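Here's the letter readout for the chains.
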Amino acid sequence: MLANDLLSVTANLLIRNFRIKSMKEILSNKQGLLADESATIAMGKKLADIVKTQLKQGIVVYLYGDLGAGKTTLTRGFVQGMGHIGHVKSPTYTLVEPYELHDWLVYHFDLYRLSDPEELEYMGIRDYFADNCCCFIEWPEKGLGMIKAPDLRIDLAYSDEQRTINIQAKTALGELVINALS
Amino acid sequence: MRILGIETSCDETGIAIYDDGEGDLPKGIVAHRLYSQIAVHADYGGVVPELASRDHVRKTIPLIKEVLKEANLTPADLDGVAYTAGPGLVGALLVGCSIGRSLAYGWGLPAVPVHHMEGHLLAPMLEENVPEFPFVALLVSGGHTMLVRVDGIGRYELLGESVDDAAGEAFDKTAKLLGLDYPGGPALSKMAEQGTKGRFKLPRPMTDRPGLNFSFSGLKTAAGTVIRKEIALQKAQGNEGMDEQTHADVAYAFQEAVVDTLAIKCRRALQQCQLKRLVIAGGVSANTSLREKLAEITKKLGGEVFYPRPEFCTDNGAMIAYAGLQRLKAGTDADLSFKATPRWPLDTLSAV
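Residue numbers (this note's numbering), protein chains in the order written: chain A, 2 to 183; chain B, -12 to 339.
Pulled out of the complex, with its shape left as it was, chain B reads as follows (with noise of 0.2 Å):
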C-alpha cells in the first residue's frame, strides 16, 4: 500500500509518499518534498500565522504534484491521503486537512487524519535501523518537550512533560538574551562550541526531585542573571559590556544546562520503565550535544538511541505519511466534515 502525507501545522509545507513494500516498490519514502517558510517570516522578525496558512494554501498543490511526478505516480496509484490534523496553528491546519480531505473525496480514496505528534514519535520508523516496541521517546521542539512510553502505534503514556516553557523555546529566549536573533535556538548551540566548561554553572531544574516532568522558564531566567550580572562587572570595569568569549561561556553553560537535564530525565524514564530503548525526534533532537550525550547514557544502561535523520527531525510529510498508513491499515476513514484541532493530547488517540 502507499500513501500521500500533508504536512501543514506550522511553518513548514511537507508532502511525501510512502510506501509499505508490499507491492512492486521497495518499503520507504518514494518521493517526498519540503517548503519551509522561515525565510518568509525572519523578514517580519516573528511568526505570521495567517501569511502561514496563505503560504500553505500556496505551497500544497505544487508540492503534491511534484512529489507525484517524481514517484512517477499518479493518483490512481495510491491507497489513501494523510493529512495533519492537529495540533498546530489552526488556520494553517485547516488548509492541510480542506485539501487533504477533498483530494482523498476527489480520487475516491479513504482520509487519515494524523496527530502531528504520532508522527513525530514514529519518525525514526522511517529509517534502516528501526527501534522494537516498546520504547521511551523523548520529544523535543519549540513548541513541546515530552516524555512518552509508547508501546504501539496509538498506545502512549505520557511520562512527564515541561510545565512552562518547551526546550526549544528557552533556546530561543536565552538566545535573545545573548543579543542573537529570534529564534536564535542553533545560533546559540554555534556560539557554544566555542565556550569555555566550567566558568558558569547553570541549574539543573527539577532534577532533584522525583517524577519527570520538566521546567526551563527558570533555567531561561538564570541565564539572564548570570548576564545581567556580568555586564555591570565588565562596566564597572570600563568595558562596553560582555566580550565574545563570555558570550560562548554563558551559550555554553546554558546548552550545558538543557542537555543534562534532558539526559537525566530519559535515564529516569528508561529506568522507571525498566526499558532499553530510547528514541528522540523534533527539531531539538538534531542538538550534536544532545545526541552525544543521550547516545552515552543508554550506552551506560547497555540500551541504545534512535533518532531520524536530520530532515525528519523537523516537521516533514514523511512521518504524517508513515503513520497515516499504519492507521489506514487499522481501517481509518475520516468522513467527510473534516475538523482541525489544534488541541489534541496524545494519550487520546486509540491503539492500532
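Pulled out of the complex, with its shape left as it was, chain A reads as follows (with noise of 0.2 Å):
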C-alpha cells in the first residue's frame, strides 16, 4: 500500500513537473496571411468551431493591429461561427457588445474610446469573465490590470491589400485552440 502510494505520489509529481516543464515551452505561435475580408471571416469562424467543439469553457483573446487592419472582423467571424445570425457592429460607441448564443456567452469590446482602466470597475467588468463567456477584447492595452489575462494573443497587420496574422498561447487552453488550428 506504501509503496503504491508513494508510486502515485511521484507519479504525480512527476506529471505535475511535466506539466510546468510543458507550459513553459508551449506558448505557441502560427502565423498566416489573410487574402481577403472573407479569409479573416472564416479564420474567426474557424475559432468558433475549435472552442464549440473541444472546449468546455471560453476563451479570452486581445486583438491588436491599427485601424482598419480586421479586429472588427474576425470577431464578426467568430461570433457568426458561434451561432449568431444577423450583424456584428462596432462596439466602439458602447464599449461592449453582448450575444447570447445558445450555451455561451460572448462579449466583443473595443477599449479605444476608454480613458482609464479603472473605468471597467464601474462597468462590472469582472461579471464578464466567467467560465461560459468569450471575450474578444479590441485595444485591450486601454484596460490593463482591470481586463482578465488572454488565452491567445492576435496581431493583425497591413500586407498591402491583404492582412498578416500571428496567433500565440498564452495559456494551456490558448495551446489547445493552436493545435487543433492546424
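Honestly, the hints are just simulated from the structure, not real lab data. If you're wondering where the values come from, they're calculated on a predicted model, not measured in any experiment. C-beta: ideal position from N, C-alpha, C; glycine also. Careful, some of the hints might be misleading.
[As the list claims (entries may be wrong)] Cut-off 16 Å, straight-line C-alpha distance, at most; resulting in silico cross-link-like pairs (EDC-like, lysine to aspartate or glutamate):
1. A:K47 - A:E176
2. A:K149 - A:E101
3. B:K280 - B:D247
4. B:K163 - A:D67
5. B:K280 - B:E298
6. B:K14 - B:E115
7. B:K216 - A:E162
8. B:K216 - A:D161
9. B:K263 - B:E283
[Claimed, not checked] FRET-style restraints, in silico, Cβ to Cβ:
10. A:Q55 - B:E119: 56 to 64 Å
11. B:A223 - A:I86: 44 to 52 Å
12. A:K57 - B:K188: 49 to 57 Å
13. B:K326 - A:N133: 40 to 48 Å
14. A:L34 - B:P197: 39 to 47 Å
15. A:T165 - B:G228: 21 to 29 Å
16. B:N59 - A:N133: 52 to 60 Å
17. A:K57 - B:D334: 37 to 45 Å
18. B:A282 - A:Y123: 20 to 28 Å
19. B:E227 - A:G84: 47 to 55 Å
20. A:A181 - B:E119: 28 to 36 Å
21. B:A223 - A:L34: 41 to 49 Å
Build the complex: two chains, separate frames, hints provided.
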C-alpha cells in the first residue's frame, strides 16, 4: 500500500513537473496570410468551431492591429461561427456588445475610447469573464490591470490589400486552440 | 398641455419645456438648456461613462430649475415629465430616469419614458416647416446610421442600417488616421473644405447591390490604404510624410464617399417607399456637404428635405419633451418601477 502510495505521489509529482515544464515550452505561435475580408471572417469562424467542439470553457482573446486591420471583422466571423445570425456592429461607441448564443456568451469589447482602465470596474467588468464567456477584446492595452489575462493574443497587420495574422498562445487553453488550428 | 423633457443618454444633459399651444402659451419650445460634457471628456482623451453619469447628477437638477425660471413656470404648470429611457449608456440613462420618474411622482404628474431615437426622428417637428407623415428618415450620428419609414408617431419601419461602423464613427476613425484628435469628425469636414475634387477616389460601399443597409468599416480601411500608400510615396521621395494638401484631399475624398453613399441610399429608400419627404437628424445631419447633397437629390425627385436646426441635430431635451408630449397625449404614464433600456429596437415601440 505504502509503496503504491509513494509510487502514485511520485507519478503525480512527475506529471506535475512535466506539466510545468511543458507549460513553459508550449506558448506556440501560428502565422498566416489572410487574402481578403472573407478570409479574415473564415479564420474567426474556424476559431469558433474549435471553441464549440473542443473546449468546455470560453477563451479570452486580445486583438492588436491598426484601425482597419480587421479586428472587428475577425470577431464578426467568430460571433457568427458561434451561431449568431445578424449584424455584428462595431462596439466602439458602446464599449461592449454582448451576444447570447445557446450555451455561450460572447462579449465583443472595443476599449479604444476608454480613458482609464478603472472605468471598467464601474461597468461591472468582472462579470464578463465567467467560464462560459468568450471575450474578444480590441485595444486591450487601454484596459490593462482590469481585464483577465488572454488565452490567445492575435496580431493583425496590413500587407498591402492582404493582412498578416499572428496567433500566439498565452495559456494551456490557448495552446489547445492553436494545435487544433492545424 | 406642456411637458418637461430630460435627456441624459450619453454625454450631454438636455432639459426643455414644450407646449402644444392649446393653452395660454404659444406652441413650441418654451425654454431649453443644454450642457455638453465634451470639454470634460476631452481632458481625458476619451469617453468616461462613470464621469458622464456623475456629471449628469450634478447638472440635471440645476438645469431643470433654470429652465423653469426662464419659462416663468412652476411645476404646477406642467402636465407631465418625459425622460430618455434608452438606448444609451446605462449609468447615464439611469440618472435621467430616476430624476424624471421621482419628480413626476413628487409633483403628482404622469411620467413618460421616451426612446432616444424617436426623439431624434421627431426633432424636425420643432421647426416651422414641419414634414407631414409619411416620410423617410435618415438618422446619422456617432452611434447610429439608419433609414426608417415613418408613418406616424410610433409607426416605424426599419428600412436599413449600418452593418458595422456608424457613419459618424467612420468620420472619427478616419480623422484619427489623418492625425486629428478623437473625435475628429467635424475637424475632418473642415479639412475637406481645402481638398481637391477627384485626386483620390474611394468606394461607395454597398451601393452596387440592392438593399438599404450601410457599411462604413471598409471605407475607413480604404482611406487608410490611400494614406499608407501616400506616406510611402512621400518617404521614397525623401519627404517626411504627407503634406497638408494631401491630407485635405484624402479628407475630401472620404467625406464625398460618405455623403454620396448616404445620398444614394436615401434616394433608393424614397423610391422604394414611393415617398418624397426626407427627414435627416442626428449629429452628422449638421454636415453642410450632406445637407446640400440631400437637397439636390430630393429636388430631382420633386420632394423636399427636412432637418432640425443645428442645436437640435445633436442630443437635446427639446426633442424628448416633444416626443414625450405625443406619448403623454396617448395616455402613457409609467409605473413607479422605472428602468433604463440600453438596447431598445426602434420598431418595437407602440403606435400612437
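Verification of the supplied hints:
1. A:K47 - A:E176: Judged against 16 Å, a Cα distance of about 15 Å means the pair holds.
2. A:K149 - A:E101: At roughly 20 Å apart (the allowed maximum being 16 Å), E101 (chain A) and K149 (chain A) break the hint.
3. B:K280 - B:D247: holds (8 Å)
4. B:K163 - A:D67: holds (11 Å)
5. B:K280 - B:E298: Judged against 16 Å, a Cα distance of about 21 Å means the pair is violated.
6. B:K14 - B:E115: Distance ~11 Å between K14 (chain B) and E115 (chain B) Cα, so the pair holds.
7. B:K216 - A:E162: holds (11 Å)
8. B:K216 - A:D161: holds (9 Å)
9. B:K263 - B:E283: holds (13 Å)
10. A:Q55 - B:E119: 56 to 64 Å: holds (59 Å)
11. B:A223 - A:I86: 44 to 52 Å: This hint holds: roughly 47 Å between Cβ atoms.
12. A:K57 - B:K188: 49 to 57 Å: holds (51 Å)
13. B:K326 - A:N133: 40 to 48 Å: Given about 26 Å between the Cβ atoms, the range is violated.
14. A:L34 - B:P197: 39 to 47 Å: violated (33 Å)
15. A:T165 - B:G228: 21 to 29 Å: The hinted range 21 to 29 Å holds for T165 (chain A) and G228 (chain B), with Cβ atoms some 23 Å apart.
16. B:N59 - A:N133: 52 to 60 Å: Roughly 58 Å apart at Cβ, these two residues keep to the hinted range, so it holds.
17. A:K57 - B:D334: 37 to 45 Å: Roughly 38 Å apart at Cβ, these two residues keep to the hinted range, so it holds.
18. B:A282 - A:Y123: 20 to 28 Å: This hint is violated: roughly 44 Å between Cβ atoms.
19. B:E227 - A:G84: 47 to 55 Å: holds (49 Å)
20. A:A181 - B:E119: 28 to 36 Å: Since the Cβ atoms of A181 (chain A) and E119 (chain B) sit about 60 Å apart, the hinted range of 28 to 36 Å is violated.
21. B:A223 - A:L34: 41 to 49 Å: Given a distance of about 24 Å, which is not inside 41 to 49 Å, the answer is violated.
Taken one by one, the earlier hints fail for this structure at numbers 2, 5, 13, 14, 18, 20 and 21, listed in ascending order.
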